[in-house]
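Protein chains in written order, with our numbering: chain D, 1 to 483; chain Z, 1001 to 1483.
Just so you know, these hints were derived from the structure itself, not from any lab. Note that the structure is predicted; figures quoted are calculated from it, not measured. Treat the hints with care, as some may be off.
[Said to hold, decoys possible] Label-pair ranges, simulated between beta-carbon atoms:
{"id": "1", "chain 1": "Z", "residue 1": "Arg1198", "chain 2": "D", "residue 2": "Pro209", "range": "39 to 45 Å"}
{"id": "2", "chain 1": "D", "residue 1": "Leu204", "chain 2": "Z", "residue 2": "Ala1021", "range": "16 to 22 Å"}
{"id": "3", "chain 1": "Z", "residue 1": "Asp1161", "chain 2": "D", "residue 2": "Pro13", "range": "28 to 34 Å"}
{"id": "4", "chain 1": "Z", "residue 1": "Pro1013", "chain 2": "D", "residue 2": "Glu396", "range": "53 to 59 Å"}
{"id": "5", "chain 1": "Z", "residue 1": "Gly1208", "chain 2": "D", "residue 2": "Ile23", "range": "51 to 57 Å"}
{"id": "6", "chain 1": "D", "residue 1": "Pro209", "chain 2": "Z", "residue 2": "Ala1036", "range": "20 to 26 Å"}
{"id": "7", "chain 1": "D", "residue 1": "Pro13", "chain 2": "Z", "residue 2": "Ile1172", "range": "30 to 36 Å"}
{"id": "8", "chain 1": "D", "residue 1": "Leu207", "chain 2": "Z", "residue 2": "Ile1248", "range": "38 to 44 Å"}
Glycine included, every Cβ here is placed at the ideal spot set by N, Cα and C.
There are 2 protein chains.
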Amino acid sequence: MAQDSAVRPRALPRVLFVALAPIAAWFLLRPLLEPAPSVPALYAAVGFSIFAFLGSLYLVPALGPTFIRANLRGRDLLKTYDDPIPESLGLVCASIYIVCLILFTPYAFSESIKTYDESSMRGREGLVVDEFPHHQLAIYLSSILSLLMATMLGFLDDVFDIRWRHKLPIPIIASIPLLIVYYSERGSTDIVVPIPLRWIFGTLLHLGPLYYLYMSLLSTFCTNSINILAGINGSEVSQAIVIAVSVILNDLLFLPWPVGFRIPLPLHVTDGLKVGGAWSAGMAYGSRVLVERHLLSLYFMLPLLGVCLGFLYHNWYPARAFPGDTLCYVTGMAFAVVGIQAHYSKTLLLFFLPQIFNFVLSCPQLFGLVPCPRHRVPRFDSEIHLLHPSRAEFKEKRPSALSSAILRVLAALGLVELAFDEQTGAIASTTNLTILNVFLLRLGPMREDSLTRVLISTQVCGSLVAFFVRYGLAGLVYDGNRR
Amino acid sequence: MAQDSAVRPRALPRVLFVALAPIAAWFLLRPLLEPAPSVPALYAAVGFSIFAFLGSLYLVPALGPTFIRANLRGRDLLKTYDDPIPESLGLVCASIYIVCLILFTPYAFSESIKTYDESSMRGREGLVVDEFPHHQLAIYLSSILSLLMATMLGFLDDVFDIRWRHKLPIPIIASIPLLIVYYSERGSTDIVVPIPLRWIFGTLLHLGPLYYLYMSLLSTFCTNSINILAGINGSEVSQAIVIAVSVILNDLLFLPWPVGFRIPLPLHVTDGLKVGGAWSAGMAYGSRVLVERHLLSLYFMLPLLGVCLGFLYHNWYPARAFPGDTLCYVTGMAFAVVGIQAHYSKTLLLFFLPQIFNFVLSCPQLFGLVPCPRHRVPRFDSEIHLLHPSRAEFKEKRPSALSSAILRVLAALGLVELAFDEQTGAIASTTNLTILNVFLLRLGPMREDSLTRVLISTQVCGSLVAFFVRYGLAGLVYDGNRR
């Protein structure tokens, strides 16, 4: 009975829907009323995000049984019970997200549509005709296209369990529309060289085609890096939430705020972060292009945050629904999309510090230097209900010299714990090379939800570091104000 | 043993691949070589179509077992054996199709990219800068987006068996990107009134928002009408092939052919169909916009024809693979996309004559006037291996007056066969209201492959009538030359 209730959908207060739905509806209606607000589409984006939140909150438990019937289910490896949990519910989140983005499209161009309608009339009167921003539309459509491809790929992965070698190139194909649009808007392929390195490379480094390679690898990295930092309840979706909040905060800095303020940074060489100020121009300092880019980013991030928050409610320990690869792919692709389309891919990567750490740490296992078991999730001790680091064993073949060297360095850094063969003295096993096992190694065995909390805290700290590097340190190695 | 071989994948001659792959590669390379052909992207489209054909020809049997393992399988209702046949392989076709379209995108804009590169240089020299055709790019991207949504919907339908009331609105959402792009290019929402009706409506009828409703319903109709004319081996994909060939032939009429010719029509009031002629301008008569639209349509139709032909090889009686709803949705959406984007939706509907007939005939069952069993496919007599019309029976409730009247009219037209209750004289059962049952009723019981052949012949005749109406009769009720 206790077990039965453990996998029954979490109760949902009806009052939440009754309270939030009218607020969301007001945000959708407000841009249509006179006098129009200064950024009407942003209101609509907030409205859609609330609907996205409500959508995933109520649809995920409602559709769970359908997923179980369609054989999309799994058991929770880190629990004492065996009940099937619906799997791949990231598909519901992704569908809600994409439908919201598509329904939002007319809002994104509402201002253009209005002036466009008027200008078509003025055209007949022989006055200047404004062009519809086809180029913005192309950016918008290519982004949705990439997101939909990521969703499709993730879901196929859930249904068919595609081998990772086969699925690796697909985010690259999914990024082609992004790259063509980037090209068509004459996106810059130069990078500014940090001051200390200018004596080698000069001020501007022209990367050309390499820059496109970098962007398509960015989408591959973003989609896969969240996917490999997974395995415990709430881990995938909480990463997405922290990164999305960080991106949103970063975007907000560039909006034209009516007030100016200054965020002091704990660094004596810069005078802190100035937002708004003399012309109420935010950090965009009056650049319309910058404001538009960060608005675009907000339009994509707000509904993503909405669906992820709604899903977290059901995915939190003990999980009532699993995200599947679909959620990891669609969130990762969403980050890649805004990084590329709003031109802040370097800042974006700073928000991925834990993922980069986890990826680099995983490389010896991903590239076959160290045996890689099917699951690298921590080991669950069902007696004391605590998680312990899981281990990979050298069974058939002994570790090569390179593997041993790498593992010894990692052990010296305290990132793995090795066990040695008593007779030969060779490495017999190691803890799996993931950030989750590192936490358990350094902080001791803990409950699953505590481990998720540690992961979230790490991600938040990573974002704080990212902001500090981006707005503090960058001023030291770059001249002028880089955006 | 005989049964085992019946469901084993059909043998594929290796020579086909060896012969066609280099030809396809040459078509892909040719546009890159100097001197460039007059329409370089068309070469690439032919090349991708051959690859699409080879792709579905070789991948469908290769992935069959994977689909069976993932529980995507069904048994053939009209056969004596029970072996599982892989289902939803339209997903493979759709994926190949969409990947081809995405890889083709750079070719579609190769000319623009070239002049764009040059013009960016000229810009520095102070000369006129050509704009990148963002608007064409938006058309292209929105089309792929709609196709991908249709694929997704079809596959979800196969996995979850969505109720038709729930899935009905989704093609409408999938068509929003198409509609916004149509709006952004100031697509016309006027329709020209045929001469005999002008005394009521005037020459031009301004439909406005109704025209957008018409377009979104078009996508719903195209995706669903192929889906309801299904059930026998090869029926779905052969419909798609005949319609695609018809659309391609229609597009070819508008290309700038180096020779001029005249197709005489069996009609005394028009002087036949003139193609090419004085300025080698095809039926576009030198309109660059018309040529571009029909080229766009070709770029989408050629690879579709490729995947469908490859798939037909495995789907032909006795079928080794089933298309699933995925194939019906993606092909239907492809037709809707070209009809809307290349502005010939009325001509397109003419190619759907058998589907329109089948849809109208099905309405009494779709809208609940006549009982609608789960499957309306013809009944298989396993003794003589022939198909007979299947029947729907009035079990619980007696037919209403309206139902009886409709069925009696259909019976008088020879489209259904009724059976009466001996005691009350009321209608007890009717043959199911599909075009397949009508064929069996009029032509007598036949083998499954003969029925598919009858369907194909009907579709071909429908297209011939369509061409006659479009280029013969249209001249009678419209003035000038309507495209």
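(message) Just to be sure I understand the hint, the distance between the Cβ atoms of Leu207/D and Ile1248/Z should be within 38 to 44 Å; is that true here?
(response) holds, 41 Å
(request) Return holds or violated for the Cβ distance of Gly1208/Z and Ile23/D against the range 51 to 57 Å. (result) Roughly 33 Å apart at Cβ, these two residues miss the hinted range, so it is violated.
(request) Indicate whether the distance between the beta carbons of Pro13/D and Ile1172/Z respects the range 30 to 36 Å. (result) Hint holds: Cβ distance 32 Å, inside 30 to 36 Å.
(request) For the range 28 to 34 Å, tell me whether the beta carbons of Asp1161/Z and Pro13/D fit it or not. (result) holds, 32 Å
(message) Is 39 to 45 Å respected by the C-beta to C-beta distance linking Arg1198/Z and Pro209/D?
(response) violated, 58 Å
(request) State, for the Cβ atoms of Leu204/D and Ala1021/Z, whether the hinted interval 16 to 22 Å holds or is violated. (result) This hint is violated: roughly 43 Å between Cβ atoms.
(message) Holds or violated: the 53 to 59 Å window for the beta-carbon distance between Pro1013/Z and Glu396/D?
(response) Check failed, 42 Å falls outside 53 to 59 Å.
(message) The hint says 20 to 26 Å between Pro209/D and Ala1036/Z; measuring C-beta to C-beta, is that right?
(response) The hint (20 to 26 Å, Cβ to Cβ) holds, given that Pro209/D and Ala1036/Z are roughly 21 Å apart.
Checked against the numbered hints listed earlier, the structure breaks hints 1, 2, 4, 5; every other hint is satisfied.
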